[in-house]
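A.B. asks: Okay, here's what each chain looks like letter by letter:
There are 2 protein chains.
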Amino acid sequence: MGKDYTIIALDAMGGDNAPAEIIKGAVKAVNLKEDIKVLAVGISEAINKELAKYEYDTSRIEVVHASEIIETEESPVKAIRTKKDSSLVVAMNLVKTHMADAFVSAGSSGAILVGGQLLVGRIKGVERPPLAPLIPTANGLSLLIDCGANVDARPSHLVQFAKMGSIYMEYIVGVKNPRVAIVNIGAEEEKGNALVKETFPLLKNCTDINFIGSIEARDIPSGNADVIVCEAFVGNVILKLYEGLGATLLGKVKEGLMSSLRSKLGALLIKPALKETLKTFQADEYGGAPLLGLNGLVVKTHGSSKAKEVTNSIIQCISFREQKINEKIKEKLLIEDK
Amino acid sequence: MGKDYTIIALDAMGGDNAPAEIIKGAVKAVNLKEDIKVLAVGISEAINKELAKYEYDTSRIEVVHASEIIETEESPVKAIRTKKDSSLVVAMNLVKTHMADAFVSAGSSGAILVGGQLLVGRIKGVERPPLAPLIPTANGLSLLIDCGANVDARPSHLVQFAKMGSIYMEYIVGVKNPRVAIVNIGAEEEKGNALVKETFPLLKNCTDINFIGSIEARDIPSGNADVIVCEAFVGNVILKLYEGLGATLLGKVKEGLMSSLRSKLGALLIKPALKETLKTFQADEYGGAPLLGLNGLVVKTHGSSKAKEVTNSIIQCISFREQKINEKIKEKLLIEDK
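Going down the list, the sequences are from chains A and B. Note that the numbering used here numbers the first sequence so that position 59 is 59, with each residue one more than the last. Numbering-wise, the numbering used here comes out as the position in the second sequence, counting from 1, plus 338.
Derived by calculation from the structure, the hints in this document are not laboratory data. None of these values were measured; they are calculated from a predicted model. Some hints here could point you the wrong way.
Stated by the list, open to error - Think about it this way: if two alpha-carbon atoms lie no more than 27 Å apart in a straight line, the pair counts; the simulated DSS-like pairs of lysine-lysine are: (1) A:279 / B:644; (2) A:279 / B:646; (3) B:421 / A:252; (4) B:609 / A:264; (5) A:252 / B:646; (6) B:362 / A:279; (7) A:191 / A:240; (8) B:422 / A:252; (9) B:666 / B:609.
Claimed, not checked - Which residues of chain B face chain A? A partial, calculated answer using Cβ under 10 Å: (10) 393; (11) 394; (12) 456; (13) 459; (14) 463; (15) 582; (16) 598; (17) 606; (18) 611.
Note that the Cβ used here is the ideal one computed from N, Cα and C, for glycine as well.
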């Protein structure tokens with residue numbers, strides 16, 4: 001492999017639109033960025049059939065055959081252990097053996113989270129690797145950390161999330177001195193559940209992050225913090241409600257627009273402007289959610305990902321490697337240990 | 339007092355717009371409904387000044403003087419204990435002594451929750467009184483129970499929430515055999531945090547509610563369940579995010595509409611239709627959130643309530659009394675004990 005490339009192990013068979021949209025996204029990514037190589041992992045016949053549709057630098061997409069597919073309904077642990085020749089396991093092993101820098105998949109969330117820990121492995125000192133999607137806000141993006149599958153976190157987990165999230169926002173998203181807040185039900189330090197009350201003073205004592213205190217869920221969409229720290233159950237609720245409520249409200253707006261002849265005419269006039277504004281609130285603009293704290297980058301994109309989101313998820317990985325995020329995480333956690 | 343009236347003890351001094359909007363809302367309520375009497379509690383001079391502005395049946399609004407006011411920043415427990423002549427405490431005591439059927443306030447949430455328990459008191463058998471606002475969905479309203487201040491609930495609390503919420507939705511909102519779901523991070527029974535995993539089988543075994551299983555936050559705005567059971571920290575996050583994200587998204591839509599001359603023209607055409615559709619998503623249409631399980635009804639409305647929300651909150655109390663909700667709650671919880 002070329003020495004200056006970011007190499008992506010792409011799970012070509014994961015997700016609702018695999019392999020067509022996944023491969024389309026990969027081709028687009030290599031056509032957009034010269035310093036990317038993709039290892040497209042999965043059933044080679046199916047992948048080659050898709051690749052044949054496009055023009056691209058064939059030296060930068062390599063097909064790696066894997067005969068099995070992990071389905072969303074399968075038990076993650078069992079699937080990872082038994083389907084050794086699945087696209088997900090083979091692709092993750094490419095990261096584990098340093099044949100690839102990053103893993104990208106739209107496949108089963110559970111399997112990605114379990115595989116990330118069992119196959120790619122945690123950075124020494126990381127207690128729990130968090131899944132950290134970027135969510136759109138009124139004035140940019142915030143990192144919601146953790147939205148993973150491991151719930152009932154301990155205060156020390158949340159402190160590590162805050163640190164890893166800060167590094168990600170600063171070096172990948174480019175937010176200087178990112179504001180870190182903990183999700184709470186009030187602004188005051190004495191508010192909250194047992195976990196938040198115990199975590200709050202620990203975060204306050206961290207000298208290496210810019211902790212600004214509690215954030216109420218109401219203020220998340222306003223963009224009042226860059227790194228939003230919470231336990232995974234709460235993070236999951238926030239993420240899913242963000243998606244569901246956005247869709248329902250926009251549905252209501254559309255319903256309103258179609259309700260009379262007058263409003264239909266108006267709708268034609270506002271369509272381009274509205275589309276442009278709402279684009280900033282769409283998930284596929286931002287690529288996938290990284291699973292941080294592993295010996296290599298694991299990125300999960302939506303199960304419903306289309307080519308565009310796959311492309312963005314792949315491109316996102318370049319800065320991850322260039323900025324040596326893992327080294328920075330190791331450093332920060334080691335400082336803490338001293 | 340007349341025997342056929344629902345009597346409301348109204349905290350005239352609580353909320354950002356007190357007493358003007360509170361009194362305006364009370365006048366509107368008695369003008370709309372003949373079977374309501376309001377005891378307007380607070381500084382009589384200020385209340386009378388507001389009342390003088392309106393035409394109404396003066397026999398149905400009585401001013402009860404209370405010299406003190408509880409502010410939002412005060413410690414709830416201390417405020418309830420020391421400000422014995424505050425509008426909130428005096429009004430709650432009217433419910434406690436059965437001089438009034440219901441208490442309505444836009445004042446300090448903390449003080450209302452504490453006062454409800456300390457002054458009005460719990461129904462025997464109720465472990466924890468939940469705060470249960472109605473939230474708008476794509477096809478109606480759902481009850482989000484619990485959004486109160488007492489977090490870290492036990493499974494038995496959630497089971498009682500499910501039962502009380504069912505009664506409220508069936509008899510107050512008029513939903514036959516309401517679908518009860520527990521907020522979770524996946525649809526399967528084995529998913530969730532420790533609390534949800536422990537509560538799920540208990541709910542499944544309840545023969546007196548229509549338990550439909552888990553609901554992911556994504557499906558709440560679609561209206562997939564009528565009673566949405568969760569621990570208060572999670573409920574608070576859902577409620578606040580609902581409000582915050584709604585406001586941010588509508589702000590984005592408006593921004594889009596104002597971005598060009600073309601879209602401005604379109605905006606004029608769509609305005610009436612859009613307003614009508616989005617009305618169903620506005621909090622002030624639904625009145626306040628009841629604090630269930632007390633010896634009397636306690637209703638909390640938004641701190642920012644205007645007259646309309648106050649009116650709706652007051653009117654809401656009629657069915658609560660007519661339907662004998664407290665008797666029904668007692669009955670259901672007693673059945674459980676056998």
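A.B. asks: Would you mind marking each hint as holding or not holding in the structure?
C.D. replies: Hint check results:
1. Distance restraint check for residue 279 of chain A and residue 644 of chain B: the Cα-Cα separation of roughly 34 Å exceeds the 27 Å cut-off, and the hinted pair is therefore not satisfied.
2. For the suggested pair residue 279 of chain A and residue 646 of chain B, the alpha carbons sit about 35 Å apart, so the restraint of at most 27 Å is broken.
3. Restraint check for residue 421 of chain B and residue 252 of chain A: the C-alpha separation of about 46 Å exceeds 27 Å, so the hint is violated.
4. Annotation: proposed proximity of residue 609 of chain B to residue 264 of chain A holds, straight-line Cα distance about 11 Å (limit 27 Å).
5. Pair hint residue 252 of chain A plus residue 646 of chain B holds up; C-alpha atoms about 23 Å apart against a cutoff of 27 Å.
6. This hinted pair does not check out: residue 362 of chain B and residue 279 of chain A have alpha carbons roughly 42 Å apart, beyond 27 Å.
7. As the CA atoms of residue 191 of chain A and residue 240 of chain A are separated by approximately 25 Å, the hinted pair is consistent with the 27 Å bound.
8. For the hint linking residue 422 of chain B to residue 252 of chain A, the alpha-carbon distance of about 47 Å lies beyond 27 Å, and the restraint is violated.
9. Of the pairs offered as hints, the one joining residue 666 of chain B and residue 609 of chain B is violated, with about 44 Å between alpha carbons and a cut-off of 27 Å exceeded.
10. Taking 10 Å as the C-beta contact cut-off toward chain A, the hint placing residue 393 of chain B at the interface is violated, the least distance being around 36 Å.
11. A hinted interface residue such as residue 394 of chain B counts as satisfied when its beta carbon comes closer than 10 Å to some beta carbon of chain A; here the least separation is about 35 Å, so the hint is violated.
12. The beta carbon of residue 456 of chain B comes no nearer than 19 Å to any beta carbon in chain A, farther than 10 Å, and the hint placing it at the interface is violated.
13. The beta carbon of residue 459 of chain B is not positioned within 10 Å of any beta carbon in chain A (closest approach about 24 Å), and the interface hint is therefore violated.
14. Evaluation of the residue 463 of chain B hint against chain A yields a violated restraint, the C-beta minimum of about 25 Å exceeding 10 Å.
15. With 10 Å as the threshold, the beta carbon of residue 582 of chain B comes within range of chain A, its nearest partner Cβ sitting at about 4 Å, so the hint holds.
16. Satisfaction of the interface hint for residue 598 of chain B is found here, the shortest Cβ-Cβ separation to chain A being roughly 5 Å, below the 10 Å cut-off.
17. A cut of 10 Å between beta carbons decides the hint on residue 606 of chain B: the least distance to chain A is about 7 Å, and the hint holds.
18. With 10 Å as the threshold, the beta carbon of residue 611 of chain B comes within range of chain A, its nearest partner Cβ sitting at about 4 Å, so the hint holds.
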